[in-house]
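*Asks:* Each chain, letter by letter, is given below.
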Amino acid sequence: MSVIALNPKSEPLGKTPKETAEARALRETTPREWFPYAAPQARGRDPQDIAFSFRDIGRKFGDKTVLDNIDLDVPAGQFLAVIGKSGCGKSTLLRLLTGLDRPTTGTLTVNKGESGENRTRIMFQEPRLLPWARIAKNVEVGLTGIAGGEESREKSLAILREVGLADRAGEWPSVLSGGQRQRVALARALVAHPYILALDEPLGALDALTRIEMQQLLERIWLQQKFTAVLVTHDVAEAVALADRVIVIDKGKIALDLDIPLERPRRHGSPELARLEGEILDTLFGEKAGQ
Amino acid sequence: MKTTGRSILKNASGWALPAIILLLWEIAARTGLISPNVMAAPSAVAEAFWRLLLSGELIRNIGVSTARALSGFVIGGSIGLVFGLANGLSGLSRNLTDTTLQMVRNIPHLALIPLVILWFGIDEQAKLFLVALGVFFPIYVNTLLGIQSVDPQLVEMGRVYGMSRPTLFFRVILPGALPAIFVGLRYALGIMWLTLIVAETIAASSGLGYMAMQAREFLLIDVVVLSILIYALLGKLADSLARLLERLTLQWHPAFQTA
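As they're listed, the protein sequences go chains A and B. Residue numbering for the first sequence follows the numbering used here, starting at 1 and increasing by one per position. Residue numbering for the second sequence follows the numbering used here, starting at 1 and increasing by one per position.
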């Protein structure tokens with residue numbers, strides 16, 4: 001495990017997720033060959049490992065402070081949801097995490113595993129498929145610099161089966177529906193077995209039913225692969241339904257850091273979810289919203 | 001079977017109007033409605049075609065003109081492509097050259113004919129130079145436009161997935177710019193023939209334009225009309241080739257998908 005520590009002082013981890021019984025059962029009973037190819041062993045399955053940590057991270061655009069002294073430790077395998085009003089800096093947080101942007105101040109540590117290569121993947125709001133590449137080729141983009149030729153072809157077909165699109169491998173992206181395209185984008189992000197998967201409101205543009213379907217798919221694959229997921233969303237219900245932990249960002253700071261210790265699979269509309277949802281909305285809009 | 005028959009019919013429908021015009025024209029010429037020293041009848045043109053084909057003069061002149069057109073096209077087109085790609089990819093290159101190129105672009109290249117004749121005489125270089133210059137700009141402008149209009153979100157996606165610069169170029173940028181490059185290509189083909197005709201009618205000692213000018217001297221109006229028709233056919237042929245190439249390389253584009 002090579003942790004690229006820019007900050008020599010290792011501080012105690014903030015929160016460790018409580019692994020649910022469901023997840024533990026799946027982890028213990030699922031053979032490593034769940035996927036036809038072996039997942040990299042170096043991934044931090046042990047909740048003691050951190051996937052990434054932000055130390056006093058700040059990001060300014062000119063005079064405008066978008067993120068202000070963010071401190072955040074995320075244990076490996078955690079499903080973290082980031083909520084905030086638009087313009088609160090949550091997308092900037094993801095861009096920092098995925099290396100699309102650099103912090104103005106502070107240190108960002110990302111656990112890159114044994115091989116040291118970057119296995120942080122991002123799924124955008126839009127599918128961003130290459131229109132001139134067939135579905136399977138689009139998924140193979142996820143293996144750029146990792147695998148090629150026959151191997152990458154097999155892996156991309158295997159992951160397409162996983163998202164239920166194996167029969168569309170030879171099609172152009174233009175003939176797929178919005179939800180199918182987003183599933184291809186998910187397959188592309190997952191094909192290289194990311195350690196960290198950053199999701200930038202990937203379900204925002206989908207209709208309500210496709211959205212629930214995608215949430216279930218995402219949860220199922222996350223339970224199998226146990227990558228660290230960081231989901232940025234506007235949808236509080238989605239956040240509490242999927243995440244182990246929810247943070248609320250307001251005015252560039254973490255306004256709330258909340259564990260969601262509920263068993264999976266979670267039922268939409270259950271009273272516990274509603275209570276947690278209310279708590280988050282109170283933080284976002286002040287106490288008034290709760291009354 | 002039915003569909004192939006229908007598609008043949010569909011293709012043939014484009015040729016119906018020229019055929020009718022040809023027929024009316026022949027009738028008008030036969031009945032003396034059009035005097036023979038104003039316009040030759042289609043049959044006379046066909047006769048001239050046969051005569052020149054047998055003498056080998058036609059093939060030779062078409063060959064000369066085509067070779068000129070294509071070599072000028074290749075030279076001008078590749079320079080245009082290189083500048084378009086360079087200026088699309090590098091801001092430095094664009095800052096250095098774009099202003100100059102845009103100024104030169106606004107000079108009608110045919111206005112340079114007197115100067116070109118002074119420089120090169122009526123040799124091959126003169127024609128090559130003019131064709132290359134004419135072809136350069138549509139390719140340059142459209143390649144640049146194509147690269148600049150590549151979806152930046154896709155480029156960002158490529159970067160996140162760790163594509164190297166060459167991979168990014170060949171997998172994302174070039175395919176994205178290709179539709180615009182093809183628009184430039186088709187414009188350039190039109191300009192290629194136009195420039196060549198003008199250059200050959202003014203200063204040449206062989207080629208289709210020269211053949212037409214010689215025929216004018218001897219009042220061979222059927223040969224003049226024949227050369228004009230051949231220009232039309234060659235232009236159509238070049239355009240069809242470009243469209244075929246477009247269809248082959250842009251299969252992914254919804255506009256080219258036959259569902």
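Hints may be right or wrong, so weigh each one.
What the hints assert, rightly or not - Computed from the model, here is a short list of chain B residues facing chain A with C-beta under 10 Å:
hint, residue
1, E124
2, R171
3, L178
4, A180
5, A242
6, L244
7, L245
8, E246
9, L248
10, L250
What the hints assert, rightly or not - Simulated DEER-style distance windows between Cβ atoms:
hint, chain 1, residue 1, chain 2, residue 2, range
11, A, Q224, B, R6, 47 to 53 Å
12, A, A158, B, K10, 39 to 45 Å
13, A, K64, B, S7, 57 to 63 Å
14, A, K64, B, K10, 55 to 61 Å
15, A, R161, B, L245, 54 to 60 Å
The hints are simulated quantities; they were obtained by calculation from the structure and are not laboratory data. For every residue, glycine included, the Cβ atom is placed at its ideal position computed from N, Cα and C.
*Asks:* Run every hint past the structure and note whether it holds.
*Replies:* Hint-by-hint comparison with the structure:
Using the Cβ-Cβ criterion of 10 Å, the hint placing E124 (chain B) at the interface with chain A is not satisfied: the shortest such distance is roughly 39 Å. For R171 (chain B), the suggested interface contact is upheld, since its CB lies about 7 Å from the closest CB of chain A, less than 10 Å. A distance limit of 10 Å between C-beta atoms decides the matter here; for L178 (chain B) the minimum to chain A is near 8 Å, and the interface restraint holds. Contact between A180 (chain B) and chain A, as hinted, is not supported at the beta carbon level, the nearest pair being about 13 Å apart and thus beyond 10 Å.
Annotation: interface hint on A242 (chain B) violated; nearest CB of chain A at approximately 19 Å, more than 10 Å. Given hint, L244 (chain B) at the interface with chain A, is violated; its Cβ is 18 Å from that chain's nearest Cβ, farther than 10 Å. Interface restraint check: L245 (chain B) against chain A, minimum CB-CB distance 15 Å, threshold 10 Å, status violated. Hint on E246 (chain B) is violated. Least Cβ distance to chain A is approximately 13 Å, over the 10 Å limit.
At a threshold of 10 Å, the smallest CB-CB gap from L248 (chain B) to chain A is about 13 Å, leaving the interface hint violated. Nearest Cβ of chain A to the Cβ of L250 (chain B): about 8 Å, under the 10 Å cut. The hint holds. Against the hinted window of 47 to 53 Å, the Cβ-Cβ separation of Q224 (chain A) and R6 (chain B) comes to about 51 Å, which satisfies the hint. Distance hint check: the CB atoms of A158 (chain A) and K10 (chain B) are about 44 Å apart, consistent with the given range 39 to 45 Å.
For the hinted restraint 57 to 63 Å between K64 (chain A) and S7 (chain B), the CB-CB distance of approximately 60 Å keeps it satisfied. For K64 (chain A) and K10 (chain B), the Cβ-Cβ distance of about 59 Å falls inside the hinted range of 55 to 61 Å, so the restraint holds. For R161 (chain A) paired with L245 (chain B), a C-beta distance near 36 Å fails the hint of 54 to 60 Å.
Violated hints, in rising order: 1, 4, 5, 6, 7, 8, 9, 15; the structure is consistent with all others.
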